[in-house]
Structure formats: structure tokens, C-alpha cells
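Based on the hints, put chain B in the right spot on chain A.
Protein sequences, first through last, are from chains A and B.
In this text, residue positions in the first sequence follow full-length UniProt numbering: the first is 1, and each later residue adds one.
In this text, residue positions in the second sequence follow full-length UniProt numbering: the first is 1, and each later residue adds one.
No false leads were slipped in.
Straight-line distance between alpha carbons at most 30 Å, and here's what the computed DSS-like set of lysine-lysine pairs gives:
no., chain 1, residue 1, chain 2, residue 2
1, B, 41, B, 230
2, A, 356, A, 314
3, A, 206, B, 436
4, B, 314, B, 328
5, A, 314, A, 436
6, A, 230, B, 230
7, A, 436, B, 206
8, A, 522, B, 522
9, B, 314, B, 285
These aren't lab readings, by the way, just hints derived from the structure by calculation.
Protein chains: 2
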Amino acid sequence: MTIRGEMLIGQQAVSGNQADIHAVNPATGETMEPTYVGGSKAEVERACELAETAFASYRETGLEARATFLETIASEIEGIGDELIERAMAETGLPRPRLEGERGRTCGQLRLFASVVRAGEWLDVRIDPALPDRSPMPRTDLRQRHIGLGPVAVFGASNFPLAFSVAGGDTASALAAGCPVVVKGHSAHPGTSELVGRAVQRAVAKCHLAEGVFSLLFGSGKEIGQALVKDPRIQAVGFTGSRSGGTALMATAQARPQPIPVYAEMSSINPVFLLPEALEARGEKIAEGFVGSLNMGAGQFCTNPGLVIAVKGKALDAFIDAAGDGVKASISQTMLSPGIHQAYEQGVNTLSSHAKVREVARGQLGEGANQCCAGLFVASAADFLTDETLQAEVFGASSLVVECADQAEMMRVAAELEGQLTITLQMDDGDVDAAKALLPTLERKAGRILANGWPTGVEVCHAMVHGGPYPATSDSRTTSVGSAAIHRFLRPVCYQALPEALLPDALQDANPEGISRLVDGKREA
Amino acid sequence: MTIRGEMLIGQQAVSGNQADIHAVNPATGETMEPTYVGGSKAEVERACELAETAFASYRETGLEARATFLETIASEIEGIGDELIERAMAETGLPRPRLEGERGRTCGQLRLFASVVRAGEWLDVRIDPALPDRSPMPRTDLRQRHIGLGPVAVFGASNFPLAFSVAGGDTASALAAGCPVVVKGHSAHPGTSELVGRAVQRAVAKCHLAEGVFSLLFGSGKEIGQALVKDPRIQAVGFTGSRSGGTALMATAQARPQPIPVYAEMSSINPVFLLPEALEARGEKIAEGFVGSLNMGAGQFCTNPGLVIAVKGKALDAFIDAAGDGVKASISQTMLSPGIHQAYEQGVNTLSSHAKVREVARGQLGEGANQCCAGLFVASAADFLTDETLQAEVFGASSLVVECADQAEMMRVAAELEGQLTITLQMDDGDVDAAKALLPTLERKAGRILANGWPTGVEVCHAMVHGGPYPATSDSRTTSVGSAAIHRFLRPVCYQALPEALLPDALQDANPEGISRLVDGKREA
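Next comes chain A alone, as it looks inside the complex (with noise of 0.2 Å):
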């Protein structure tokens, strides 16, 4: 048993002095053991001092050493075995093979992240040569390399207790970046939180790190996450979480008298737009699929769909009649915790008390607390665009269709829309045009545009964005999830004319690394 109730700053394992916090299990409303003590400044002044002096050693860690560090702490996680998944399951209220599809995501994003590292594209090394002989003026030699910021701060997401958490893709790409990483656990999963923290913890052991590379505090926000963000030492802040949560980081960051970048993933609702043709000619089955992504995890995902937009007629009420059906049937679960169980049910009573919308379903309550019960909603286009109360993310499995009255009302309300992390579109051949119509607005609006899926389950791989405009995310430049996640802890810097002797390894002339370099604005693979 390796749970004690203990944050960890580098290699200890401490007890806060402030307000105790419990992890409950949500099924049962049940206090589970053990007693965690939040943190206050003294432990957040500790972990980023320990960071600070960690970043000097780890961020010059070669490719390989630093990406079998990430591959120790994928094994370190497997190692806990099936403690894990049941201190989540107890803590989350997720399904057994939810949480082993999440600890597999998990490892496999750290060992992405350790064949990102290797292969050394994030380094972005460009050579520009001297040229003695150019005139007017000759060139010196200039190259460039990317560094890590320097120590990040990391908040655990409650939905997705490994891999949106302490080991998770915010995480692991700041270290994958060079940056010591000070995670403020999520409260709603401290257990869970200690163990994968262990587990990190000891990876930065076996690999011989200097012990401040990783911290794991918890603690209210205001504590501890507040000074975490204001703490001069901390360069960037990873978040995913609800919009007055991150609009609250990102004020706290840019009042700091260093400003620093918070990648803060906050709200969307993901349209789904049902195109004509694919409505009249299987608006059954996609609604099939359409109740299947609304109700996975218990709708508790960023990229759940809660909004469906389609041009009224009857193609679109049978697709609501059995849309409707299915979310009647469906039996509800058990959310994540008692608080996102209560902001679940102000929200579907919102919609449902709404004088402009129409309840269509509800599905069946089953046993236990903290239970989600789906919802289907139906508002037109037009109340849609002179109420923005309607756009309001519900978090968990309620959806709003809008019924439009034309193709270019649907255009407006595309053209309407917030910031996504998704859009979907549901198409068949003959939907091409009004597809390409709709594309560059949603190109606008969303970090993802997907066809005949579902935006639910979100690869992580290279090509991926889990991003987009505000309010989806607080940077629509990058990614939170996938490769790419890397570069927001990244910065370039240029050396000019510098000794073989000074120069970092990559931008050596051997290229000990080899790594791909763009010289003189070719690429050299």
C-alpha cells in the first residue's frame, strides 16, 4: 500500500497545514481514507525552488536520457498494477475499462513523447553558415535551437484521472520539453494523484534527476494555486478545467510582473452539423452513434457533443425521435464527483425550465448518487441566435439540437458559434458543396473538423489538435494534446558566431544528434 495521504516535493513525502481534503467516492457518497492536508506557500516556495535548481541540470538532458526518463515513468505507472484502477474507479466513479484505456493513453502519450524527444524535430535547429564574402556586408554564423521555459505548473483535470492528471499530457510534455514539472493535484482524486506521483517520483530516481524535475502538491486554489501561478520561477501553466477557472489563471499570469503563457483548455460543445443528405438517408444510424459519443464517460468529456445543428423538416424529426429513444433508454451513470453532479443538473434544468426549448428526453435514473442522467434538447435557430445562454456548456451527456430553417441559417449559426475544440460534420456524397460552404468558418471556429464520426476519443498522435479559439482553449497556437503539445514549453534561441566549444550539441557542426536542421533554409533530414 503506497497511498499515505502525502504530497511530494523532489523526493519527500510531506503533510500540509491547511484544510483536510477527502476523496469521495461518488457512487456511494462514501469519505474515503486517507486524510490529505492541503499545502500552503511554504510547500508551493519549496517545490519551486526545487524546480528552479532542477532546471539547470534537466533541461541540457540528452535526447536519450530524457526520453527514457519518460519511458521509466510509463513502466513506473504499469508497475502499480491494479491499485491504480481501483483507487479510480473507487474515486471517479469511471468504469474499470474506461480507466485501463486511460492508463494505456497515458503510457502510450509518455513514450510519444519519448520518440518526439529522440527524433529532436522539437529542437527546430536552423544554421544559417557565415558567409565571409557576401557583400555589401558579410554574414556571421547564426543557429538556433529551442530551450525549455523553465519550470511549469501543472493542474490535474477531474475527468480524466491519468491521463488529463499528474502523468498526463501537460505533463509529460513540458518534460519532454526540458521543463521540471509542479503538478497541483485535482481534490477530487488525491489517491489516484499520490500513486501516479510515486510513480513519477521514482522514475526521477532511477534515471538519476536532480530531484526537483517533479512535485506534487495539493491544496485549495487559492492556496496553492494561486501562488503556484504567481511564483516568479514558474514560466508557463498547464490547465484543463472549467472557463472561471482558467480565465482566473490567466489573469493571475498576466498581472504577474513577468507574464507567463497559460494553455488553459477550458469549454466547448462541440456541433455536430448534420448535412442534408446524410440526415434523409441514415439519420437513424447516425443517431445511433450520435447517443453513443453523448453518453460515454457520462458525457463528462471536453469533446462531448452538445450541440446538433440541421436544417428542420422531417428528416430531422426522425432523427430526434430516435435520438430521443436512445438517450430514453439509456441507463444513467455515475459522475465524477458531487460538485460536477450538481452544476449537471443546474444545467439540464436550466435548458429544460427554458421558455424557448423543448425537453425531448430524459434517460432512466438507475442506483447510487452523483447520477447522470442523460438529456435531449430541441431549440430553433433563431432563439439559438439572440440567446446566448443557449451556447453554455452543460458538462456531461445533455445535448441542444437546433433546428434551422435553411442552409443559410445554418450558415449564421456557424458563423455564430464560440471557439470549439471540435466541429463535426455528418455527410454523404452529395453533401460536398454545403460542406465546403460551411468548412471556412469552421476552420475559424474549431482546433478539429472531423467527418462522419464522432468528436469523442481524441487520438494522440502527431496530427492531432486538441485546441482552438477562445473560449475552447486560452491559446488557439497550440495543441494540449499530441506531439505538437511539446512547443508550448519551448523557446527559441539564437547563438551567433559562438565557439564550437559553447555550442549545445544539436547546432554542433558533427551533429552528434542527428538531427534534422534546416540549413540555409534547406532541410537537411
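Quick look at chain B alone, frame taken from chain A:
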């Protein structure tokens, strides 16, 4: 004669209805014709509306068409001929060779971005092909490219009337990224701005682009600048200027309902470290190079060497004597504007009247108004470390030598530096260990580190970083000079399982534009 005192909104030329703006010849104090009448929110509105409309087509121009447009701008600027140089000389007080060189740099920069656009690496094409047989879950086809952020607001800088102004680096890189540009011209050189603006306007027409791709406005910061940054269609801001100006734009951009990135290049004192062996061996020669760099363009460069750091002793005394002689012998030069001259005088007076600062030398006062007399000052490291006013930028040919007790104190000074654009090492072979000890600190403080050269003179190339940690710039992850500047105006979009008919050219299987791609994590040329 093409100077008419007008703003350019798309293909129109208009006059505003706010306060009059006149260029002043800084060498004579003479007010120049014509009168420019500042624009108001109405002109911002029209320029932004046109830019938004133009974005739809401009962002999807083919690589060749976009590159040709950038080259056409360069030809049109060259086509203005001597009128441009003479007007710029009169408006800025800068000498002919400098402005001819700057014109060459500006046009070379546009052509560099043309080559960057053609090469297509900026699209960062990534393809992760479908893996239908993968278990436990198949992978669907995922493709990524980058697209322009949207219309960009560019603020012309006073100190480079061509290279950092209407068609300077910010405009060139934004246009290269597929973003329309609305420029707020600098009030100190409106005639130069109008001439260049009309050249861009002609290039837009010749290339048959949507007229809103480019507009040029004049007016006070409050009327035009703030309105531009607040306009919901503007998606990014490029700025070179003072720290107060840059931070004001940052605050406005963050306070928008949708915050946007601001790329502000603000202030830097560009420390020069004189390492012991080099100082001992060639202190006088270094002094000569230093005074040359200090006086270049009357010190009105973001990269002017405003701070010299060395260990005290005979060698440093000899350097200070030699540099002092050089400064004493230097003849004053006309500064860009009365305002800049006034600020310089104030900065130099603060130093010369500072109790802890010793004035070593002032240059000769030559003829004409707004003259910059170079200044050289000395302070102890102990005083420098305890008085942050000594780190303030004095924009002009003034520099402060910081005398350190020993190598350790030199390290402390390095650690206390604010973010910088550049840091220079003067070093010989015997200084390598000292340089190695400093380097990790310097990398965290500056965007460019150079050895045995001078920071003035910023090469426009692929490896250049003209950027650095706050307050040198607002965003250390970027550069405003060199081909990597294009990345500031781009964001990634992922396309999942889109039918070939909907895929942008760059992502189609056939790769019709022959762009380098990352396929399943492997680089294909």
C-alpha cells in the same frame, strides 16, 4: 509626387477628421507638408471590415500567388526610387546610406518570406494515416496544417521607418502567414509610410487580391491604436516600441471578450560581458568596436549595447579610458524625433546626476536640432544590483559600464538581468570556462547570444531570434525578425477523416504543392 497626406483603406485613399499630424524634420525642427488628418473609429471599422472580408480569400491563396505578392511589394517599394529615401531622410534625420541599406533589408525581407511561403514548411503538414486494423481501437485518418489567425494590426516603429514599419517584418510575416494587415503608421514618418503604403496598395491591385489585404491608418494611439486592438476582427498585434506602449496594448488585448496575442518588442539594454582574457589581450580594440556599435544610428536600435559588464582592474580601466576617448571624439547625430531626443536627454541626465554613477565621457555636440551626444558611465556591480533604475533603457547612444569585484559578482549581475534581446560575450580561448559558466544564465535571459561581435546589426535569416524574455518582448516563444516570425500568425487545424474533396491542397494525398510532411511521425522531404 505620390504623397498626398492620406490614409489608405483597401484601394481607397481617405482623410480623417481628428487631429492634424505633421512630420517634423528633426535636423531642422521644420514642420513638413502635407498635413495628415488622423483617423477615427470609423476608419478602423472600415479597414477591419475589409480585412475580415479579404481574409476569406487571401488565406487560401496558393503558395506561388502569395509569394509573388510579397515579391511584388518589394518591387513596388524599389520602384518608388529616390523619393522614398529623401522623404525618409527628411522625416527621420537618418543618413542616406543607412536608409538605402534599410530599404535593401526591407525588400530582402519580403523576398525571404516569399521563399519561405513557397517552401511550405510553415504549414507544418502532419499526416497520421488511418490504421483500420489497429487493436484494441482502429485509428482514423488525421491530418494537420496551419492557417492564418485572421486580420493583424501592425504598429509602425519610429526607429526603422522602412524595416519595422509599414512593410516591415511584422507586415511581411503576417502577409506570408495569410493574414490581412491593418497598419497604424508612426506619426514621426507619415510621408515615408504613405509612400510605402501606396506601394503595397499597388501590389494588392496588381496581384488581383481582395483590397482589404492591406490598409494604412494614421492617428493618435488612443483614437486608432486602442480601437484597432479592441476590434473583434483583429486576431493578433505586432508592435515595436516602448515598454509602456507595449504593455498598454497587452492589457487591451487581454481585456477583450476574446483575448488575442500581442507581439510587442519593447526594451532591451543588450549587456556585453567582457571576459578577462579578451579584456586583457585586446581591450582597446574591443573599445573601438564598442563605440562603433554604440554610436550606430545614434544608438537608436533595440539592440544598442547599453550595458558593459566586466571585472574591475587595470584591463577594465584601460578599456574604459579607450572607450571614453572614443565617445569624446564622436560627433553628435540627429535623433529621430524631438520626443526621442528629449527622452534621451532625460535618461542621460538621470545617470550623470546619479550619486552612484560616474560619468566617463560625453560626445561632441555638432550642429542642428535634436542632437544625440553619446554618453559613457560607470557604476559598481554592488550599486547596480541594489538600484533597479540602473537597468532602465536609455534609448540612444548611452552605455553604462558595471564594474564587478570578481567573476562571482559578474555571475550575480547576470542572474539579476531582466529579459534581453541580446547578450554579447567578448572572449578569447582562455575565457571558454568563464563563458561556459555564464551561458546557462544568459540563455534564460536573452533571445540571441553572440560572441566577439556587436549586437547591432540583426541579420534577416532563418536562425535569427529577435526576441527574448519579458520585458524585452511580450512573448519569448517568438521572434520578430527572420523567417520564424511567420509562426506568430498561425494556428494549427486538424482534419479528421475528411473526404479528399474537402481537404486543403497541402493535405491531399497527391501533395500537389510538394511540401515536406511529417507522416506517422517520420519526416518526408
